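Each chain is listed here by its residues.
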Amino acid sequence: MSKMPATTLTRRGFIAGAAGTGALLAAGPGLAAGKTLNVLSHKVHQTVLGSGDADLLKEWRKANDAEIAFTTFDSNPLQDRLFREVSLKETEYGVGYLIDNRPTSQIAALFEPLDAYQSKDAIEDFGDIAAGLVQGMTVDGKLIGIPVRHATQGLFYNEALLEEAGISAPPTTLEELIEQAKKTTFTAKAGTPVTGMVLASDLAVFPVMFARAYGGDFVSPDLKLVPNREALESGLAALRGMFESGSLPRSYATTKNDDQVTWLQQGRAAFTVLPFARGAQLNNAEQSKFPGRIKAVEFPGSAAIKGKVPMSSVVEAWAMSIPKNAKDKALAWSFIREVSSKRVTLGMAINGNGPVRVSSYADAGLKAKNPLAEVEAKVLKTARGAFPPFPEAARAQATFLEEVQLAVLGRKPVKDAVSAIIERVKPMMPA
Amino acid sequence: MQLQRTARILPLLAPVHLLILSVIVLPSLYVVWLSLNTSSFGQAPSFVGLQNYWRVLTDPAFHSALLNTVVLVVVAVHLELAVGLGMALLFASGLPFRRFLLVAVLAPYAVSEVTAVVMWRFLFDPDAGPITLALRAFGLPTLDWSFEPSHAMGLIGLLTIWLHLPFTFVIVYAARLAIPGELYEAARIDGATRWQAFRRVTLPLLGPAMLIALLFRYIFAFRLFSEAWLLTKGGPARSTEVVAIYLYQEAFSFNAFGPAAATAWIMVLASLLLAGAYVLLLRRGGISHAH
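Protein sequences appear in the order of chains A and B.
In terms of our numbering, the first sequence opens at residue 1 and continues consecutively.
In terms of our numbering, the second sequence opens at residue 1 and continues consecutively.
By construction, these hints were calculated from the structure, which means they are not laboratory data.
Wrong hints could be hidden among the right ones.
DSS-like cross-link-like pairs, simulated, lysine-lysine; straight-line CA separation at most 25 Å [claimed, not checked]: (1) A:K327 - A:K62; (2) B:K233 - A:K256; (3) A:K189 - A:K43; (4) A:K43 - B:K233; (5) A:K35 - A:K142; (6) A:K369 - A:K289; (7) A:K89 - A:K324; (8) A:K189 - A:K142; (9) B:K233 - A:K412.
All of these numbers come straight from a predicted model, not from anything done at the bench.
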């Protein structure tokens, strides 16, 4: 056995190497940008800002000598992480993206009120940002988030399947939609079994839209629980009828939001309800069997409300906020100002973002790129959130969905399910 | 003398103890504190005593989740043990292509739970799944798991057995290989039939290994989450919800940290109780006297 060590590395050499590596690592940040802004968001918020030469914030980075480090999550884990961060003594994150139905009074208190920033260093033409979205981010009279994206729900349909079923135009009333969904529950010429409509069962959006189609709601903006019982019963009865006739899939209870996209792309369903912004993905030639044939219209109200009450589709909005415990709030506000500018809002819209500025919809470039821009702008005018924020909103939504599923699957009569919704959700409502 | 020895050993054991203290003991104590308070984001904790425990224990949704968990644990773990035992005996009796088959049996343990659920969702898709279509082609009944809660529970059970069978199998198979061949030879000379050799030699000697496998699987299975969450999300209408999903919803959907922490402690106590009762039963049954 050799007495020579297995390696020629000496202790002195190891220490020198380690010190050199440490020095290099320490010097590393000096070669990069002077500052880093940490942003907690959904991946889509990062994507729509572009990258490389198409980076919409290129100039801002240069002017502020700052890099932007995104940490992205899916919606619910993102909100959870954001609320954890803002509950700490201090957070590394300068900007957090908030969903409009989450900030209760208690949560809003953890974010920086932005009115003072706005009066000191105002956002360009702030009045151009949809008033309803700004209102949604105003809690207890304080503006806690600047709207940045909205996802307004529309009724998507596969034009080719409708033609095959002998339907020449999309529905204009809910009754027509139900009828057309029945007609399109068939086996297509290609041999694919088609279900009239596909909806996820784990989101309140869809039963709420059906209730609103009859002039009702789950929780109204002024926090009234089931303001119109008959309307909610009619909405759930319509869903139940569709399930019974097979125009909603038998797998309704386990259908997820992503399934809606794939079912429509593959021609397994003729109708679905999704945000208008999904239009590009549904018609993407690489993913869809029907590129250019999947179109969208406003979700129709019932014949009973047509011309009397405007159909109020569901809109979900995102806003940029600054945690109260953030370190560099000035840099965070500078980022928010830039992202909210007319130029960046339009650029993001062209990249597939739901624009929060009314003026963006008038742009010819956006209209050419997004054929749904016009109808989306029209629907947005009367759209509102699925329900307003209140401390027990998530539990109330889960309870609502449980009863809706029981009614749609036929395990409980619709009337009993509505009674149970009222009885069980009532104690969760704010006094 | 003993004191001196302890003092000498203590610095060597300290890192492990510090690790256990920081990653298990302190967080557990924090969860106890959390369970005695009511708190959420933006809301300072306020002491409520045992109110959270009472709230969870009287919640019908918790009762249903606990029942689902117990049914799944009892059925899946015992079925898994029976299949694992059968396979261990089959392998020990000598099989052609043993190495290849061993890899095939152990493979599910290398698959992440998320991947496995996505795979099974695809295979059993009620409209277009290859297994569903094959069953239909043969005129056999299909698993209507997206509609029928009992079918959904069956599928969750099957999936959890498939995922964890390698664990049980490896323990039982190793124990079976450790049984000396002479014992079977002696049994044969004494005129024992195959069944008698299994009852009087194999089973008593495999007892301790089976007990260990069962205990671990009881504890693991009680925490069952991803199979049920990713397959059915606890639906339809919370009918396949298990206790871990109940806890997740309280903590991460409803941000009710008090009831979530209380649920966590109830889970610990319930799984200890279940495992403890099982050990006691087995001790009375005599398996543990076998060695």
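Hint check results:
A hinted pair counts as satisfied when its Cα atoms are at most 25 Å apart, and A:K327 with A:K62 qualifies at roughly 21 Å. Between B:K233 and A:K256, the direct Cα distance comes to roughly 10 Å. Compliance with the 25 Å bound is thereby established for this hinted pair. As the CA atoms of A:K189 and A:K43 are separated by approximately 38 Å, the hinted pair breaks the 25 Å bound. Straight-line distance between C-alpha atoms of A:K43 and B:K233 comes to about 23 Å, which keeps the hinted pair within the 25 Å bound.
Taking the CA atoms of A:K35 and A:K142, the gap is about 29 Å. The hint is violated against a cut of 25 Å. Between A:K369 and A:K289 the CA atoms are separated by roughly 21 Å; this keeps the pair inside 25 Å, and the hint holds. Annotation: proposed proximity of A:K89 to A:K324 holds, straight-line Cα distance about 10 Å (limit 25 Å). Under the criterion of a C-alpha separation no larger than 25 Å, the hint pairing A:K189 with A:K142 is inconsistent with the structure, at around 57 Å.
Note on B:K233 and A:K412: the hinted pairing holds, with a Cα-Cα distance of about 20 Å set against a maximum of 25 Å.
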